[in-house]
Amino acid sequence: MNSTTQPWRRDPKNPGAPIIPRGEWDFPPYHRWTFQHVREMVPTAQIWRGPGPVLPLPERKRDIDGVSFETRAGRRTVPQWLDECATDGFLVLSHGAVIDERYMNGLKPYRQHLAMSVSKSVTSAVFGILVERGLIDPEAPVTQYLPELEATGYRGAKVQHVLDMTSGVLFDESYTTPGSHMQKLGQACGWFDATEPTWPMTVWQLILELTEQERPHGQLFQYRSIETDVLAFIMQRVTGKHLADLISEELWVPMGAEDDAYITLDRGGYALADGGFNATLRDFARFALLLLNGGKAHGKQIVPKAWIDSFNGSADHEVFGNERQGALPNGAYHNQFWIEAPDSPVFMCFGIFGQYLYMDPEAEFAMIKLSTDAEPVNEDRTFDMLAAAHALREFCKTA
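For the sequence shown, the working numbering puts the final residue at 1357, and the numbers step up evenly by one.
In case anyone wonders, no lab produced these hints; they're calculated from the structure. Glycine included, each C-beta is placed from N, C-alpha and C at the ideal position. Careful: at least some of the hints might be erroneous.
Restricting the straight-line Cα-Cα distance to at most 30 Å, the calculated cross-link-like pairs of lysine-lysine (DSS-like) are [to be verified]: (1) Lys1355 <-> Lys1263; (2) Lys1355 <-> Lys1066; (3) Lys1019 <-> Lys1199; (4) Lys1355 <-> Lys1254; (5) Lys1263 <-> Lys1116; (6) Lys1066 <-> Lys1019; (7) Lys1355 <-> Lys1199; (8) Lys1263 <-> Lys1199; (9) Lys1199 <-> Lys1116; (10) Lys1355 <-> Lys1019; (11) Lys1258 <-> Lys1355; (12) Lys1116 <-> Lys1254; (13) Lys1254 <-> Lys1199; (14) Lys1258 <-> Lys1019; (15) Lys1258 <-> Lys1199.
Quick list of simulated restraints, FRET-style, between CB atoms [said to hold, decoys possible]: (16) Thr1356 <-> Glu1108: 56 to 62 Å; (17) Gly1054 <-> Gly1024: 20 to 26 Å; (18) Pro1037 <-> Pro986: 19 to 25 Å; (19) Leu1093 <-> Met1159: 26 to 32 Å; (20) Tyr1068 <-> Lys1254: 23 to 29 Å; (21) Ala1031 <-> Gly1227: 28 to 34 Å; (22) Pro1287 <-> Glu1042: 32 to 38 Å; (23) Arg1060 <-> Ser1132: 32 to 38 Å; (24) Tyr1133 <-> Asp1267: 30 to 36 Å; (25) Glu1167 <-> Gly1024: 18 to 24 Å; (26) Asn1063 <-> Asp1021: 20 to 26 Å.
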């Protein structure tokens, strides 16, 4: 990315603070501030929480500072681990109550934090609602809803292939390879100045340029962020509604969020489903609690239980391939959620730089971690997160 374009000052109340290169705001060291101030960096759309009641988060605080576990760097207590991996917000739920909640790096309970690819799972929850209503058939071809994609690598792909990221479409997810599809997505989604005139200017334009297919659809899982955006365009096409309004009306309002969320916009007004979602720590906890409760809140079924059950160790882990198996040796991916193992009830949401929602419905346990880690993806950090979640889950069984 071009880092010489117009810089933005880190904090207008602190004229002496470092400036932020326009093309690097979402990378270290700037992300330590910007992930809590995304609205000051790029255009966004409001995701209204509505006028209804807030989903309660009762507290049953326990001292977890003495809980320890083995990380790749040795044994660590919870506070040591949180300090070492650039934690901004951390919350543990057990049997519907908050066991621990802490804020670091200036994060406040009322301040939204960028979720990166946790956004994919939020989008999935709303997608499942539309499937339940019969508006979308996962077994239908993608081109039934987006006929324009007949001229792309998505011709012949089912919607389910896109949900599971098993389409054969060529998409280079590399953050550092010059000219990769992921770098082009940074410009297309509106996060950076349009400094490359030959690159797409909107996410839809980028999708239309994905004309190559590298393998048969359904053969292998390969992580492609753009797949979630294809799903979002399907959602918008069948409902005639903007993604931000869909999330608000179908999830955020009925769930009982306490605060508005927001989502980043590209130059065409499209909300970035694959990584632009921002919410408070406690509202991420409410989202996790909703999923732990089988999609119910306030006595009403919001997300279909069958959709949530599909994350529950039921994915075909054989399509996982070798990608990311260092931390998840038996892991799988299904319907935009990560699955710890085929025989495990645990499902998860991951976002780069350390955004994690870990959920175990059988144990009625969830761990939410918002971060600004030094690397986008780090196998050791994921391994350590899982170790922490396992240790805290065991602690909650006896606390």
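Verification of the supplied hints:
{"no.": "1", "hint": "Lys1355 <-> Lys1263", "verdict": "holds (25 Å)"}
{"no.": "2", "hint": "Lys1355 <-> Lys1066", "verdict": "holds (29 Å)"}
{"no.": "3", "hint": "Lys1019 <-> Lys1199", "verdict": "violated (41 Å)"}
{"no.": "4", "hint": "Lys1355 <-> Lys1254", "verdict": "holds (23 Å)"}
{"no.": "5", "hint": "Lys1263 <-> Lys1116", "verdict": "holds (22 Å)"}
{"no.": "6", "hint": "Lys1066 <-> Lys1019", "verdict": "holds (19 Å)"}
{"no.": "7", "hint": "Lys1355 <-> Lys1199", "verdict": "violated (43 Å)"}
{"no.": "8", "hint": "Lys1263 <-> Lys1199", "verdict": "holds (24 Å)"}
{"no.": "9", "hint": "Lys1199 <-> Lys1116", "verdict": "holds (22 Å)"}
{"no.": "10", "hint": "Lys1355 <-> Lys1019", "verdict": "holds (14 Å)"}
{"no.": "11", "hint": "Lys1258 <-> Lys1355", "verdict": "holds (28 Å)"}
{"no.": "12", "hint": "Lys1116 <-> Lys1254", "verdict": "holds (29 Å)"}
{"no.": "13", "hint": "Lys1254 <-> Lys1199", "verdict": "holds (24 Å)"}
{"no.": "14", "hint": "Lys1258 <-> Lys1019", "verdict": "holds (28 Å)"}
{"no.": "15", "hint": "Lys1258 <-> Lys1199", "verdict": "holds (23 Å)"}
{"no.": "16", "hint": "Thr1356 <-> Glu1108: 56 to 62 Å", "verdict": "holds (57 Å)"}
{"no.": "17", "hint": "Gly1054 <-> Gly1024: 20 to 26 Å", "verdict": "holds (24 Å)"}
{"no.": "18", "hint": "Pro1037 <-> Pro986: 19 to 25 Å", "verdict": "holds (22 Å)"}
{"no.": "19", "hint": "Leu1093 <-> Met1159: 26 to 32 Å", "verdict": "holds (29 Å)"}
{"no.": "20", "hint": "Tyr1068 <-> Lys1254: 23 to 29 Å", "verdict": "holds (26 Å)"}
{"no.": "21", "hint": "Ala1031 <-> Gly1227: 28 to 34 Å", "verdict": "violated (44 Å)"}
{"no.": "22", "hint": "Pro1287 <-> Glu1042: 32 to 38 Å", "verdict": "violated (23 Å)"}
{"no.": "23", "hint": "Arg1060 <-> Ser1132: 32 to 38 Å", "verdict": "holds (34 Å)"}
{"no.": "24", "hint": "Tyr1133 <-> Asp1267: 30 to 36 Å", "verdict": "holds (33 Å)"}
{"no.": "25", "hint": "Glu1167 <-> Gly1024: 18 to 24 Å", "verdict": "violated (53 Å)"}
{"no.": "26", "hint": "Asn1063 <-> Asp1021: 20 to 26 Å", "verdict": "holds (22 Å)"}
Checked against the numbered hints listed earlier, the structure breaks hints 3, 7, 21, 22 and 25; every other hint is satisfied.
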